[in-house]
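Asker: Chains as they are written, first to last, in the working numbering: chain A, -11 to 144; chain B, -11 to 144; chain C, -11 to 144; chain D, -11 to 144.
None of these hints come from the bench; they were simulated from the model.
One or more hints might be untrue.
Since the list gives no way to pick out one identical chain from another, each pair is judged satisfied if it fits inside one copy or across any two copies.
[Unchecked claim] Listed below are the simulated DMTMM-like cross-link pairs for lysine to aspartate or glutamate, each with C-alpha atoms no more than 25 Å apart in a straight line: (1) Lys55 to Glu(-9); (2) Lys143 to Glu24; (3) Lys143 to Glu(-3); (4) Lys73 to Glu53; (5) Lys143 to Glu4; (6) Lys26 to Glu(-9); (7) Lys26 to Glu100; (8) Lys114 to Glu53.
These numbers come from a predicted model, not from an experiment.
Residues per chain, in single letters:
Number of protein chains: 4
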Amino acid sequence: MSEQTSLIEAIEHLPEALQNAVRGLSDKQLDTPVGEGKWTIRQIAHHIADANINAYTRMKLVATEQKPILKPYNQDQWAILEDGKNGPIEPTLTFVKGLHERWIVFLRSLPETSWAREGIHLENGKVTLFDILRLYSNHGNSHLQQIITFRQKMKW
Amino acid sequence: MSEQTSLIEAIEHLPEALQNAVRGLSDKQLDTPVGEGKWTIRQIAHHIADANINAYTRMKLVATEQKPILKPYNQDQWAILEDGKNGPIEPTLTFVKGLHERWIVFLRSLPETSWAREGIHLENGKVTLFDILRLYSNHGNSHLQQIITFRQKMKW
Amino acid sequence: MSEQTSLIEAIEHLPEALQNAVRGLSDKQLDTPVGEGKWTIRQIAHHIADANINAYTRMKLVATEQKPILKPYNQDQWAILEDGKNGPIEPTLTFVKGLHERWIVFLRSLPETSWAREGIHLENGKVTLFDILRLYSNHGNSHLQQIITFRQKMKW
Amino acid sequence: MSEQTSLIEAIEHLPEALQNAVRGLSDKQLDTPVGEGKWTIRQIAHHIADANINAYTRMKLVATEQKPILKPYNQDQWAILEDGKNGPIEPTLTFVKGLHERWIVFLRSLPETSWAREGIHLENGKVTLFDILRLYSNHGNSHLQQIITFRQKMKW
Chain A
-11 MSEQTSLIEA IEHLPEALQN AVRGLSDKQL DTPVGEGKWT IRQIAHHIAD
39 ANINAYTRMK LVATEQKPIL KPYNQDQWAI LEDGKNGPIE PTLTFVKGLH
89 ERWIVFLRSL PETSWAREGI HLENGKVTLF DILRLYSNHG NSHLQQIITF
139 RQKMKW
Chain B
-11 MSEQTSLIEA IEHLPEALQN AVRGLSDKQL DTPVGEGKWT IRQIAHHIAD
39 ANINAYTRMK LVATEQKPIL KPYNQDQWAI LEDGKNGPIE PTLTFVKGLH
89 ERWIVFLRSL PETSWAREGI HLENGKVTLF DILRLYSNHG NSHLQQIITF
139 RQKMKW
Chain C
-11 MSEQTSLIEA IEHLPEALQN AVRGLSDKQL DTPVGEGKWT IRQIAHHIAD
39 ANINAYTRMK LVATEQKPIL KPYNQDQWAI LEDGKNGPIE PTLTFVKGLH
89 ERWIVFLRSL PETSWAREGI HLENGKVTLF DILRLYSNHG NSHLQQIITF
139 RQKMKW
Chain D
-11 MSEQTSLIEA IEHLPEALQN AVRGLSDKQL DTPVGEGKWT IRQIAHHIAD
39 ANINAYTRMK LVATEQKPIL KPYNQDQWAI LEDGKNGPIE PTLTFVKGLH
89 ERWIVFLRSL PETSWAREGI HLENGKVTLF DILRLYSNHG NSHLQQIITF
139 RQKMKW
């Protein structure tokens, strides 16, 4: 399996894996930081959704424009907005499910040549569509693992 | 009821209204353009979702940064990407549902002073958070009405 | 005389007026702030040049592209860079002379329709070519007047 | 001599070298393209000035801001604007003389750490202050050489 296929599969599986990772957690557990000075499980779940909204948007911009500007977002500020900090987790699970279903239809339809298309990220500079795929596929998994590891540690 | 309250309510009600508007339509009906040279019902449904992802992202950028750049997107190009043109409609209904639930938590938590915050849209220039709210609340309703009107005309 | 003609004439006359305004001043006089917490005469002279380089560049971007991004610059930071703070004044008088000579050739060649062309300034939003002309023609004169008034006050 | 010192010296010497390169040319000679489908000597001289205005501005943006946007300019469009195509050459020689005198004061005052500072060029992505120095110092010399070589070929 190519790296590309594998990265897209990870995006395909993330919504279900995220649902499993937070299943049965109480509000109090969701609001527990996974480490000192770290986000809570709730914030991490919302952050995965916000990151992937940005990833989805950037990929479509790169697929449809010549070297579009890709706007960074301030993840720490987003994580303390009301919905990102205290909002219920179900809408985010619902949203991620639908978003990823659409996203993989898009990703699997891209011609091979599209992966080298470039955007200009205002913090990181030039990035290809493939760079964005790799970054966010791994990013989602990494945060997912953060939740799973913490649950195991807490024996929840 | 203030304009602001009313615009947020429209965002709250859109996901259910959109589900009702497309309920029971066959694939063939979904793939019918609503007028000559116009998008199909399917494309309009996907477009509402794409527009609102952009709206949600822009609002959060404006809420968390000083005069952020707000990147336009090429709606006509997005509407002919595979997922926007031929993708199944259920994922989009799912993700609109979740997105709007999060979005209204965010919108209702904003302090009154936030509505005057500004971003720099690369096509339209300076826009306030309130401008974006008004634009996209009305935009969603307008496309929703387009579907409803067309269904009535077709007696579907 | 139309406002436009008058604004372009002010740009035409500025280099000579600036030379007259600083003629015969010693280095000590040039390094005197024109008010408490204000720039020195030297800094103001260099600032006029820097502002007009930016104005010239923005106007050409607007004349040759569709809604180009117009990048603000941090005038207070530029004014404390070595050449803007302590640099000799002759090179600036020389380059303002040459810059304005080219600039007015450009300005007087623009078809009437060009003045409504727009750029997106990342701080001020949408601006027309005419807006930039008015802003910088007046800006140069205003700083020139600042020097003249201060010299009169100091009886230099 | 370090590459940096050598690149700054090339910027220091360019104005005089450019004056020598175009000295004594008639308007007709100035308006001769240096090759088929190429710019005229006049356009090349004006282009050197325009490129260096952009270089100077970009360097100051990078020196005074965190990862500023660096706006490309459309050099082919600028070269057919009235002042860039048909304008007299003296203002440009004057302007380049003054600009470079200020520019080298700025360049020689930069602390060693500044050369690694970065900007985000909307076409090329991330570039350092040193990248810009190298690019434009060589760029000026390369166009200068273009004029000299053509004059020799034409035995002017």
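Asker: Hints numbered earlier in the text: which of these fail when held up against the supplied structure?
Answerer: Going through the list in order, the structure violates hints 3, 6 and 7 and respects the others.
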